[in-house]
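S.K.: Single-letter residue listing:
There are 2 protein chains.
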Amino acid sequence: MSDMTRVALDAMGGDNAPGEIVKGAVDAVNSRKEIEVILTGKEEVIKQELAKYTYPEEQIRIVDATEVIETAEPPVMAIRRKKDSSIVKAMKLVKEGEADAFVSAGSSGAVLVGGQVIVGRIKGIERAPLAPLIPTAKGVSLLIDCGANVDARPSHLVQFAKMGSIYMEHVIGVKKPKVGIVNIGAEEEKGNALVKETFPMLKACEDIDFIGSVEARDIPSGVADVIVCEAFVGNVILKLYEGLGATLISKIKGGMMSTLRSKIGALLVKPALKETLKTFDASEYGGAPLLGLNGLVVKTHGSSTAKEVKNSILQCVQFHEQKINEKIQEGLKEQRASDEENKDV
Amino acid sequence: MSDMTRVALDAMGGDNAPGEIVKGAVDAVNSRKEIEVILTGKEEVIKQELAKYTYPEEQIRIVDATEVIETAEPPVMAIRRKKDSSIVKAMKLVKEGEADAFVSAGSSGAVLVGGQVIVGRIKGIERAPLAPLIPTAKGVSLLIDCGANVDARPSHLVQFAKMGSIYMEHVIGVKKPKVGIVNIGAEEEKGNALVKETFPMLKACEDIDFIGSVEARDIPSGVADVIVCEAFVGNVILKLYEGLGATLISKIKGGMMSTLRSKIGALLVKPALKETLKTFDASEYGGAPLLGLNGLVVKTHGSSTAKEVKNSILQCVQFHEQKINEKIQEGLKEQRASDEENKDV
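Line order of the protein sequences matches chains E and W. Count the first sequence with full-length UniProt numbering and you get residues 1 to 345, in order. Count the second sequence with full-length UniProt numbering and you get residues 1 to 345, in order.
These are calculated hints, taken from the structure and not from any lab test. Any given hint might turn out to be false.
Chain E regions said to be covered by chain W (calculated; three or more residues, Cβ under 8 Å) [said to hold, decoys possible]:
(1) 203-217
(2) 236-244
(3) 250-259
(4) 262-270
(5) 273-280
No more than 20 Å apart at the CA atoms, straight line, and that leaves these computed lysine to aspartate or glutamate pairs for EDC-like [unchecked claim]:
(6) W:239 / E:242
(7) W:138 / E:242
(8) W:239 / E:215
(9) W:270 / E:49
(10) E:307 / E:84
(11) W:251 / E:275
(12) E:333 / E:207
(13) W:253 / E:207
(14) W:251 / E:15
(15) E:190 / E:242
(16) E:190 / W:73
(17) E:239 / W:215
(18) E:138 / W:242
(19) W:190 / E:49
(20) W:239 / E:189
(21) E:190 / W:70
(22) E:251 / W:84
(23) W:253 / W:242
(24) E:196 / W:151
(25) E:23 / E:49
(26) E:190 / W:215
Even glycine gets a Cβ: it sits at the ideal position worked out from N, Cα and C.
Please take these sequences and the hints and turn them into a complete structure.
M.R.: So this is what it looks like as structure tokens:
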């Protein structure tokens, strides 16, 4: 059954668990034959949810897990102590090769820590970046890293660039993705110490289409397909995207309610506007992959519904069928020799 | 004449120089008696512009400068070589005590470099941050630093917090301004090395109202009055504000044109919407002060019109009358002793 993709799914994680998570699993297996979903969590609860649906039963199974890691828990401690949690059990399935991928809408911290500690990194990968898709005027861009690897080093950013490029090309389908590094000016000599050191290294990479510096101003217009940055900066970009979008939209709604004339206009404009704003909502793009691990780990939004869960599962199928990890490993071959020399990681 | 504020104004800087710059000077002196504007630049050109207006002649004078620093020039070189440029001449006036403040819509780089090199920092101030106002749902917040001090150290950020707090209170008029540090989570243990080290130092400051970490998501809602960050992060926030705003607005306009119904609605909504969006345009808030120098240096938007130039000049008056630099120096008194011990700056 080498063409099956086996996805471990955290049935207990997220605001809408287990209902929407289980429904997402059912929708995924109903849409594709070549998926097996392994739901981890409280068996009785999951069984009750599954009983509501019709689906090919051989495509879903349950692995019982009695504990749940809450969002507020310190992640390192939680991963260490809650051995029987839905997240730890699912990640173990990936580690042991019983699953190809893991999807969770639960604690971001636990998913990031567990990914590194339990699933483990591909040999040669120094850090595993979290890489969400963000909406742009042209479609989507991959923002890599906006996870937990703060204070990254140049060699990390180079690996992010390569992994991000492979992902955008083979999972999202962008031919020859343009890779840019977030900077505070367009010139090569601009930037902080990290960017200045990373820039020539990216320029020297033959396997990516490096377009140079990208100013934050140009990110929303879609100037690059892969946006490389250190995690602190990436997190600021992702969060500001969400916050600024929300504030602007509420300002606009307020403005439309300010006069009778504009109130009438607002009624007419509403449906078209709603559709437009949906395309610019970062949460619409579902799962953010944690790249560079021995198996795919996908963190979906905490507020995910069945639709996003299903999309994240399908993303795992694409990842598996396109043999992304094999491609990442190939890309690392040349680099590995030099990594051996820098073993202080 | 100790209650006059003398503002050196770069007549040659910006997209609309010298026309709009000179007009801004005229508007400023026509609105207030206690301002003297010293226009630096090509005397003949400035005279021709001034001849168009009526104004109290004793309030405007010209200092001839034959050279102009272009935006594209490398700033350090330009400041060193173009001794007879409008920027260098104006900054020398501030340094020599002939002017209290300097306003320019010209090269940001030259203004930042010239501020540090020519005007010079207040004794005890380690770095001079650029601190623009950004629009929020509640009004404006001061983003400090988004200038050239990349790779800042914790002691720099602490000074930024104090200077920003004094500026917001006495120039913008926010009582007991709330100070937050940009972080990737709300908890004290979160963040990169810089933030983790700075956090307890800010917490220990008794002269500011430190509210802790601010996630980028919460900046647009106006959660803090003073937003402290390292310049690379600050620049990303400022530029993303501009870029995301512009992209979202063009998406919304496009969305409104998608159906006949929404087109009619758009016509009705337009005036109210325009007014709303104006309040959320970062460029509306005029000049960004470069704080901590021996005299105020204000960088206004390159596209500044007379209105913004006038507002920047009035900002200098407020700064001078409120004796902001004296207040900054007082705030530094306690700190100065410990600065003496760390002379490796």
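S.K.: Next step is simple, just say for each hint if it's right about the structure.
M.R.: Hints versus structure:
no.: 1; hint: 203-217; result: holds (count 3)
no.: 2; hint: 236-244; result: holds (count 9)
no.: 3; hint: 250-259; result: holds (count 8)
no.: 4; hint: 262-270; result: holds (count 8)
no.: 5; hint: 273-280; result: holds (count 6)
no.: 6; hint: W:239 / E:242; result: holds (15 Å)
no.: 7; hint: W:138 / E:242; result: holds (17 Å)
no.: 8; hint: W:239 / E:215; result: holds (7 Å)
no.: 9; hint: W:270 / E:49; result: violated (48 Å)
no.: 10; hint: E:307 / E:84; result: violated (27 Å)
no.: 11; hint: W:251 / E:275; result: holds (11 Å)
no.: 12; hint: E:333 / E:207; result: holds (12 Å)
no.: 13; hint: W:253 / E:207; result: violated (39 Å)
no.: 14; hint: W:251 / E:15; result: violated (30 Å)
no.: 15; hint: E:190 / E:242; result: violated (28 Å)
no.: 16; hint: E:190 / W:73; result: holds (13 Å)
no.: 17; hint: E:239 / W:215; result: holds (7 Å)
no.: 18; hint: E:138 / W:242; result: holds (17 Å)
no.: 19; hint: W:190 / E:49; result: violated (37 Å)
no.: 20; hint: W:239 / E:189; result: holds (19 Å)
no.: 21; hint: E:190 / W:70; result: holds (18 Å)
no.: 22; hint: E:251 / W:84; result: violated (47 Å)
no.: 23; hint: W:253 / W:242; result: holds (17 Å)
no.: 24; hint: E:196 / W:151; result: holds (12 Å)
no.: 25; hint: E:23 / E:49; result: holds (8 Å)
no.: 26; hint: E:190 / W:215; result: violated (26 Å)
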